[in-house]
Amino acid sequence: MSTVLKSNAQEARTGTVTGSAAAKRGLGTRLRRLNIPGGLGGWLWLAVIILPVYYVVITSLKTQSGYFGQNPLALPTEPTLENYQSVLEADFAQYFMNSAIVTLGSVIPTVLISFMASFAIVRGAGRFLKLVNGMFLMGLAIPLQATIIPIYLMIIRLNLYDSLLALMLPSIAFAIPLTVLILSNFIRDVPNELFESMRLDGCSEWQTMWRLALPLTRPAIVTVAIYNGLHVWNGFLLPLVLTQSPSLRVLPLGLWTFQGEFSVNIPAVLASVVLSTLPILVLYVIGRRQLLAGLTAGFSK
Amino acid sequence: MSNAVSTAPGRAVGVKDSKQTEQRKAALAWLTVPALFFFLVFAVIPLAGVLILSFTRRDGIGAIGAAGLDNWFSVLADPGLYNALGLTFLIMIVSWLVQTPISLLLGVFTAGSQRYRAALAVLYFLPLLLSSAAVAIAFKALLDPNFGLATGLGLPFLAQDWLGVPQLALGLVIFVIAWQFVPFHTLIYQGGVRQIPKSLYEAAQIDGAGTIKQFFHITLPQLKYTIITSSTLMVVGSLTYFDLIFILTGGGPGNSTRILALDMYLRGFRANLMGPASVIAVILVIIGLALALFLQRLGGKDKQGSQLEGL
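Going down the list, the protein sequences come from chains A and B. For reference, each letter of the first sequence is one residue, going 1 to 301 in the working numbering. For reference, each letter of the second sequence is one residue, going 1 to 311 in the working numbering.
Just so you know, these hints were derived from the structure itself, not from any lab. Treat the hints loosely; a few may be bogus.
Cβ pair distances, simulated, as ranges [to be verified]:
# : chain 1 : residue 1 : chain 2 : residue 2 : range
1 : A       : Phe68     : B       : Phe157    : 20 to 28 Å
2 : A       : Ile108    : B       : Asn146    : 41 to 49 Å
3 : B       : Ala119    : A       : Arg157    : 49 to 57 Å
4 : B       : Pro101    : A       : Ile36     : 13 to 21 Å
5 : B       : Ile286    : A       : Gln64     : 45 to 53 Å
6 : A       : Glu78     : B       : His217    : 53 to 61 Å
Residues from chain B that keep clear of chain A, each with C-beta distances beyond 10 Å, as calculated [claimed, not checked]:
#  : residue
7  : Gly68
8  : Asp70
9  : Phe216
10 : Gly252
11 : Asn255
Here a beta-carbon is modelled for each residue, glycine too, at the ideal position from N, C-alpha and C.
Just chain A, same shape as in the assembly (with noise of 0.2 Å):
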């Protein structure tokens, strides 16, 4: 898995496929023969994604009168803004700065403590480590949810409930089992002798840490970034659970509440839909490769 997520990360650091072009090639000759079915199959499941997607969009553009007058699936006759407008009025650039909050604050620790804690399970040695290591690796089997009651009820222990601090603090602990894991991985593929000549130069294991491993593992860095990024981002139970005020909802919870406020104006519904996942469409175009690397962060085989 290190190796895949190896040349994952290096296509999308060099932003080419040369890793795995030849071996493309091979395929596609095998399966231009597989093109009927194949493509029809292929088409047929690109409808599936679209309609739903296209349906969205067009109508967020709508007036009420077009959502109520026009054909579903015909383009706005008289597309307008004004739905993106009621939304943005609706607090959404709040809910907006609460995600974004929320995201980068559960991020940037969990990486930061993860790479740490993988660079001593790889360079380290110990009963000690041994056993910290396997703890996170039975951590990666406990789903989420099924803490949540003990998680609300520390939270609000911690005078903590109604703070965007209690949806990071859980989203750091659950997340760090996959990232260790993987970080680990990568900086066990970092070749023996570097750390070597670090120790020959006279640097400690905590420069080395950060002048040779860090900049080494960067890759594998933006991709678990990404994948835990999206998993807070989108993360709709702690928010629903943790907090209450509308002034500390985060996207997926505001788009909820929106949605159910303003159940008789589909048209803006659909464009608050649009408005929370734009920042990470806008993130897709520009990295998509990166983007989908991170996305499976290192299941791939």
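Following the hints, position chain B against chain A.
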């Protein structure tokens, strides 16, 4: 470390060196402390907490008292639990049956080198960007019998009361889950297919094996571990389809889409029965662990890495 030195004093230096190195290595343990702290406080303690809470009850003012096995007896005697369990497994199995072949075929399809396939893949992965909340809300609008897809496409049979009839709601939930998660698994299979050595296909071509034969004799066996990883993620992940179902159907109509995770939430936070909800949570953890271990065993022991990730 002192491999170039063979004289006696040199060796002594080497020994001293390795002692130092050992100390350095042990000292590294400190670096795990921040991660360990977060993990213990917000993952390990809650996990232990949920087990303890399953033996407690909360009175009207929120004080927690011992309840012995009362919660367990009441939940295990509640037909609602078996409804939720049945639905959870039904959705799990049907979702697996629907999503696996589609993702596998799309993975093979998008791994091809043709331009149009790469272009299609860009669009296939769009649902990955959406939150469950966005997906659920979009489909609710889409399914409106008058102003949704049914009217748009002129297909009256799509104009059903999707959220009002139990069987339809269940089918809808499975469809929307597939819509949201097939892209992720397609991505996994695409990665797996790209790793298959092309020499295998060249050899098969020389032997005169056709495309279909190649698929069943090369692609499928070579994807064994990818299938196990994807299935593990799919099956264990299906225990946590909470957000989507919560927004789409709220567990209804009646209790016809009330899966375990939703049952836990509704008991705990709507009915304010934290004890019984904790029982459901413990059951969820047990099922998750058991499934992960079972699927890991299925894959054999030679590939720990990938399967551990699958957990």
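Structure-based check of each hint:
1. A:Phe68 - B:Phe157: 20 to 28 Å: Given range 20 to 28 Å: holds, Cβ gap about 23 Å.
2. A:Ile108 - B:Asn146: 41 to 49 Å: holds (47 Å)
3. B:Ala119 - A:Arg157: 49 to 57 Å: Given range 49 to 57 Å: holds, Cβ gap about 53 Å.
4. B:Pro101 - A:Ile36: 13 to 21 Å: Given a distance of about 18 Å, which is inside 13 to 21 Å, the answer is holds.
5. B:Ile286 - A:Gln64: 45 to 53 Å: holds (50 Å)
6. A:Glu78 - B:His217: 53 to 61 Å: holds (58 Å)
7. Gly68: Fine: 19 Å to the nearest Cβ keeps B:Gly68 off the interface.
8. Asp70: The claim stands: B:Asp70 keeps its Cβ more than 10 Å from every Cβ of chain A (closest is about 17 Å).
9. Phe216: Correct as stated: the minimum Cβ-Cβ distance to chain A is 13 Å, above 10 Å.
10. Gly252: The assertion about B:Gly252 holds, with a minimum of 16 Å to chain A.
11. Asn255: B:Asn255 clear of chain A: closest Cβ-Cβ about 18 Å, beyond 10 Å.
In the structure shown, no violation is registered for any of the earlier numbered hints.
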